[in-house]
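Q: Keeping the supplied structure of chain B fixed, place chain V upon it in accordance with the hints.
Spelled out, the chains give:
Protein chains: 2
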Amino acid sequence: MTPERQNVGILVFDDVEVLDFAGPYEVFSRTRLEVGTESRRSYESAPFRVFTVASTKDPIRATGGLQVIPDHGFVDAPRIDILVVPGGFGTRELLDDATTLDWIRAVSEGAARTTSVCTGSLLLARLGLLRNRRATTHWGALEMLSAIDASIDVRKTERVVDDGPITSAGVSSGIDMAFYLVEKLCGREVADETARYIEYPRR
Amino acid sequence: MTPERQNVGILVFDDVEVLDFAGPYEVFSRTRLEVGTESRRSYESAPFRVFTVASTKDPIRATGGLQVIPDHGFVDAPRIDILVVPGGFGTRELLDDATTLDWIRAVSEGAARTTSVCTGSLLLARLGLLRNRRATTHWGALEMLSAIDASIDVRKTERVVDDGPITSAGVSSGIDMAFYLVEKLCGREVADETARYIEYPRR
Numbered sequence: 001m002t003p004e005r006q007n008v009g010i011l012v013f014d015d016v017e018v019l020d021f022a023g024p025y026e027v028f029s030r031t032r033l034e035v036g037t038e039s040r041r042s043y044e045s046a047p048f049r050v051f052t053v054a055s056t057k058d059p060i061r062a063t064g065g066l067q068v069i070p071d072h073g074f075v076d077a078p079r080i081d082i083l084v085v086p087g088g089f090g091t092r093e094l095l096d097d098a099t100t101l102d103w104i105r106a107v108s109e110g111a112a113r114t115t116s117v118c119t120g121s122l123l124l125a126r127l128g129l130l131r132n133r134r135a136t137t138h139w140g141a142l143e144m145l146s147a148i149d150a151s152i153d154v155r156k157t158e159r160v161v162d163d164g165p166i167t168s169a170g171v172s173s174g175i176d177m178a179f180y181l182v183e184k185l186c187g188r189e190v191a192d193e194t195a196r197y198i199e200y201p202r203r
Numbered sequence: 001m002t003p004e005r006q007n008v009g010i011l012v013f014d015d016v017e018v019l020d021f022a023g024p025y026e027v028f029s030r031t032r033l034e035v036g037t038e039s040r041r042s043y044e045s046a047p048f049r050v051f052t053v054a055s056t057k058d059p060i061r062a063t064g065g066l067q068v069i070p071d072h073g074f075v076d077a078p079r080i081d082i083l084v085v086p087g088g089f090g091t092r093e094l095l096d097d098a099t100t101l102d103w104i105r106a107v108s109e110g111a112a113r114t115t116s117v118c119t120g121s122l123l124l125a126r127l128g129l130l131r132n133r134r135a136t137t138h139w140g141a142l143e144m145l146s147a148i149d150a151s152i153d154v155r156k157t158e159r160v161v162d163d164g165p166i167t168s169a170g171v172s173s174g175i176d177m178a179f180y181l182v183e184k185l186c187g188r189e190v191a192d193e194t195a196r197y198i199e200y201p202r203r
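Protein chains in written order, with my numbering: chain B, 1 to 203; chain V, 1 to 203.
Bound conformation, chain B alone (with noise of 0.2 Å):
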C-alpha cells in the first residue's frame, strides 16, 4: 500500500513510439488497490496519478501518426515521482536536444525512479544515468547504447533491467517494466490483479 498517490509523468515527442508509452500508461493509470472492475470506474484506490509532458504543450505524432495532446510542457508539469522516458526513433533527435535532456536530468534528479522503455534508454546513457550500470534497450539498439557510453553493463537478453534507473527492453516490455514497478511499490496481489484486468499474462 502506497502511502500517498504518486505522480507518474510520462515524456511524449514526436516519433515516439505508440506502444512504448501506452503501455506503461495503460498500466500505471488502470492499478487499483481494490480489486475488481468497478474499483476502475474511479480514481479512489488510484495509487497512480498518470499524465504525458512533452516540451510544449503542441500536440505531438507519435510513430505511425498517432495525434497526441501532452498534458503539460516541461514548465508546467507537475512534480514527477516516477519518471517514464519511452523510445522511437525520435529519441535519436532528441539526442543532441538539450532542452530535453536538461529537463530529464533535474527531473530524474527529483523523482523516486526513472524508468525507460526501448530506446528511451539512449536518452538517459546520453545523461550519464547508465554509468556503470546494468541496463537494456531494444534489440535493435544494443550497440548504440555500448557506444553512448561503453562503461554501461548491457543486458541483452533481459526485459527490465532494475540497476537504480530501470530500463527495458522493446517497445511491448514496457509494459513488463511498469508492472514490476507497480509489484515493488504496491505489491504483488496488486499488481496481478491489475495485469488480470487489462487481461496481460505477466512475464
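Careful: at least some of the hints might be erroneous.
No copy is singled out in the list; a pair is fine if it fits within one copy or between any two copies.
Mimicking SDA-like on lysine to any residue, the simulated pairs with C-alpha atoms at most 20 Å apart in a straight line are [what the hints assert, rightly or not]:
1. Lys57 to Ile69
2. Lys156 to Glu199
3. Lys156 to Gly36
4. Lys57 to Gln67
5. Lys156 to Arg196
6. Lys156 to Thr37
7. Lys156 to Glu193
8. Lys57 to Phe74
9. Lys156 to Pro201
10. Lys184 to Pro78
11. Lys57 to Arg159
12. Lys156 to Glu143
13. Lys184 to Pro201
14. Lys57 to Asp71
15. Lys57 to Glu93
16. Lys184 to Asp149
17. Lys57 to Gly73
18. Lys184 to Thr37
19. Lys156 to Leu142
Rather than coming from a laboratory, the hints here were simulated on the basis of the structure. This structure is a prediction, so every number in the text was calculated from the model and none was measured.
A: The following block gives chain V in isolation, referenced to the frame of chain B:
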C-alpha cells in the same frame, strides 16, 4: 503478401481504454513486409495505413485522461478495409448513441473485416452483427454480451474469436487480435517478424 495497402480505421471516443486502441494501432502501423529495423523508418513495405476516427475531430480523452486528436471525423473518414472497435467504459454510453452505431454499421458493411477489442464487442452485438455467432469480450462483460443478444455463443476462455467479425477478450488481447489478422492477411512470417520487432511474445 497483400496486393495493396489496406486502410485500418480505429474508432476512438471519450473513455476508450488506452491499450484497447493503442495495441492494434501499434501492431498494424509497425507491420512491414520487409524485415528488420530500417524498414520501419518508412512506409514503403507497410501493408496497412492506420488512422483514428471519432464522431468529430475534436480531441477525445481516453481512460486515464490521455488526450488524442482523431485523424478523421465520421463524415471525412477515408474508406475503411479493417474496422477496429475498441472498448472501455465509454462503450456503455455509445450503446445508445445512434450516430456512432449507424456509422459502425455502415462502415462494417463496406469493410473486409470488422474487429473489436474488449467491450467493443458490445457495440457490434447491439447492431446484431454477432447474431448466432461465436464472440468474446472482457471477462467483466461476458454476461452483458449475452444480455444484449442471447443468440451469441459467448466464448469465455478464448482471447481471439473469428466468426466473421473478429472479437477479442480484454484490453491487451487486442494486440493478439491484431497479430491474428496480420498473419491471416500477410502470412505467419510477417506477423512473427513484426512481433519480434515490438518484442511481443505472441500467444
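Q: When no copy is named, should Lys184 and Pro201 be tagged within, between, both, or neither for a Cα gap of at most 20 Å?
A: within (18 Å within a copy, 24 Å between copies)
Q: Given identical chains, is Lys156 near Pro201, meaning Cα to Cα at most 20 Å, within a copy, between copies, both, or neither?
A: between (22 Å within a copy, 16 Å between copies)
Q: Under a CA distance limit of 20 Å, which applies to Lys57 and Asp71: within one copy, between copies, both, or neither?
A: both (7 Å within a copy, 18 Å between copies)
Q: Could you figure out if Lys184 and Thr37 sit no more than 20 Å apart (CA to CA) within one copy, between two copies, both or neither?
A: neither (23 Å within a copy, 33 Å between copies)
Q: 20 Å Cα cut-off: does Lys184 pair with Asp149 within a copy, between copies, both or neither?
A: This pair counts as neither: shortest intra-copy Cα distance 28 Å, inter-copy 42 Å.
Q: Should Lys156 paired with Leu142 be assigned to within, between, both, or neither, using CA atoms and 20 Å as the limit?
A: within (7 Å within a copy, 41 Å between copies)
Q: At most 20 Å between C-alpha atoms: does Lys57 with Gln67 qualify within a copy, between copies, both, or neither?
A: both (12 Å within a copy, 11 Å between copies)
Q: Indicate which option fits the pair Lys57, Arg159 if close means a Cα-Cα distance not exceeding 20 Å: within, between, both or neither.
A: Neither. Shortest intra-copy (32 Å) and inter-copy (37 Å) distances fail the 20 Å Cα cut-off.
Q: At 20 Å max between alpha carbons, let me know whether Lys156 reaches Glu193 within a copy, between copies, both or neither.
A: For Lys156 and Glu193, only the inter-copy Cα distance (18 Å) is at most 20 Å; the intra-copy one is 29 Å.
Q: Between Lys57 and Glu93, at a C-alpha cutoff of 20 Å, which is it: within one copy, between copies, both, or neither?
A: within (19 Å within a copy, 29 Å between copies)
Q: If the cutoff is 20 Å on CA atoms, where do Lys156 and Glu199 land: within, between, both or neither? Let me know, please.
A: Between copies, since 12 Å is at most 20 Å while 27 Å is not.
Q: Please work out whether the CA atoms of Lys57 and Phe74 approach to 20 Å or closer within one copy, between two copies, in both situations, or in neither?
A: within (9 Å within a copy, 26 Å between copies)
Taken one by one, the earlier hints fail for this structure at numbers 10, 11, 16, 18, listed in ascending order.
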